[in-house]
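Visitor: Build the full structure now, drawing on both the sequences and the hints.
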Amino acid sequence: MEMSMRKSSNSAAFRLFYYVFMSVFSLVYFYPMIWMLFSSFRGNSEIFNKPFSLPAKVDFHNWSKAWQIGKMSTYVMNSVIVTSLTVVFILLFASLASFAFSKLKFKGSKLMLLMFVFGLFMPMQSFFIAQNYIFDHLHIKNTYWALILPYVGMGLPLAIFLLKAYLDSIPKEMMEAANIDGCGNLRLFWSIIMPLLIPSLATVAIFSSLNSWNELLLALLYVQSDSLKTIPVGLLAFSSKHVTDYKLLFSALTIITIPMILIYIFFHKHIVSGLTEGSLK
Amino acid sequence: MHKFRLSPYLFTAPAVLLFSFTILLPIVMTFFFSFYDWNGFGTMKFIGFDNYVRAFHDHIYLLSYWHILIYIILTIFLEVFAGLFLAGLITVKLKGTSLFRVAFFTPVMLPMLVTSFMWRFVYNSDFGLLNAVLKFLHLDSWTNVWLGNPHTALYALCIVSGWSYAGFYMTIFYAGIQRIPNDIYESAYLDGATERDIFFKIKIPMIKNLVEVALTLCILGGFQGFDLFYVMTNGGPYNATEIVTTYLVKVVFTNGSIGYGSALAVVMTLVVVGVGVVLNMLKRNGNETLEY
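Just so you know, the sequences run in chain order F and E. Going by the UniProt record's numbering, the first sequence opens with residue 1, and the numbers climb by one from there. Going by the UniProt record's numbering, the second sequence opens with residue 1, and the numbers climb by one from there.
Calculated directly from the structure, the hints in this document are not laboratory data. Model, not experiment: these values are computed from the prediction. Backbone N, C-alpha and C fix where the C-beta goes; we use that ideal spot for every residue, glycine too.
Footprint (simulated), chain E over chain F, 3 or more residues, beta carbon under 8 Å: (1) 25 to 36; (2) 154 to 167; (3) 230 to 239.
Guide: Printed below as a string of structure tokens:
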């Protein structure tokens, strides 16, 4: 009785303090993003003179101008193509390989698996110099493949380990029963393994697509032609052409950010678990 | 029967071949390039370990490791410990905490490039938000050219990194704290424990493993950063924020020294792998003493 009374009286002051503190704190945390949004509606002089006021009017003129001048539709399209192909290849190749590593016995499987373990720890800096040289000589620089190939290569190790860990937890009896029924490995894979893998594939798809959507270094080095640039490199090119047209830069950044935030709001449970699982394994 | 024996290799072939071509082969070739004086198209001159000797006398290269060290130490506080603190705050037994959880994770969703640009504007000396706040508070003498000043640029970058990733680590810790059984809290409350006691004596010890994982991620990730440094300062002013990758890009793609750049890349790879191995050993030792 005494305990519960003490607890509740503690809570009243604590609760007030907590909510006030957290609200102020998250407002400060959020403010740079709000400022970016407001500035995207302002004129250039307003950006300099009135950093804290609400924008005079919510005017999407800057946005449409940035979208057109910045060739954003091209960049968005390129990012969509590169990211979706990357994710499809990662999911397909990684699920095939992880099935073999987890459920089939064959010579050299340990060695191949070791190779992917090695891949988990290699920084991008360990290979991009020679990769650039190879791509240059095979004339695949300045194509989508110059990005898709390395993104798939970098994404495979983690994808294989996540999927293999999941398959390892599925009892082997299930496969054996199917095998006795005269099911070949390929049919076993499509009709039994793939449906079971779907939740894990979603996790892999989430972090793979975010990685390739945001990748900057390789995209900067391997793609020079403006019509093939992805969003990050496109934004860089845009910013160096319009260095002081801040209202357009703020608009371009806002246009790119808003879909990300919307996706996050709608799918936040999946995204959070996808990102955290992807980095913990 | 014959088909059955062949198939495992067919299943692994696409992944193995693609990985070998895009990652393994370039790693081996980079190692090979590092022993040559070469600009990418002229003749390759074998010079043994000369590139490595040069690397250890390269003032800017060595300085870039120092910057990475500072960056890692500061981001351990600004990302991992700040994330731990946030995780403690959002797991207090009150209503509405999930709203704050969603809020603090939002920066993780911004592409690093957008974050970097946005903060470049926040730090801008003419119209930037930070100087505007300082002027509003009548602290005009504190205003600064944050990214143009060699004394503040690196710290300014670390703060952006913290802003961006603290929510990510918070989420990892949050998942761990959620798994702590409820009756542990209940008996603690009955014993009159405050939220502060619960944070330090229950939450943190119970997620010790996750904190170790987060520290590993933060330390190894510290070597890999590029976007933030490239967009905000590209190593400047006066190399005050130069890190290995920004320097590598300059050596290889601006100066065209592929041989020397490869040696720098090999040294960095060895450093990253070495640090990774040491961290793994530390973690294993720590766990053994815990189990006994």
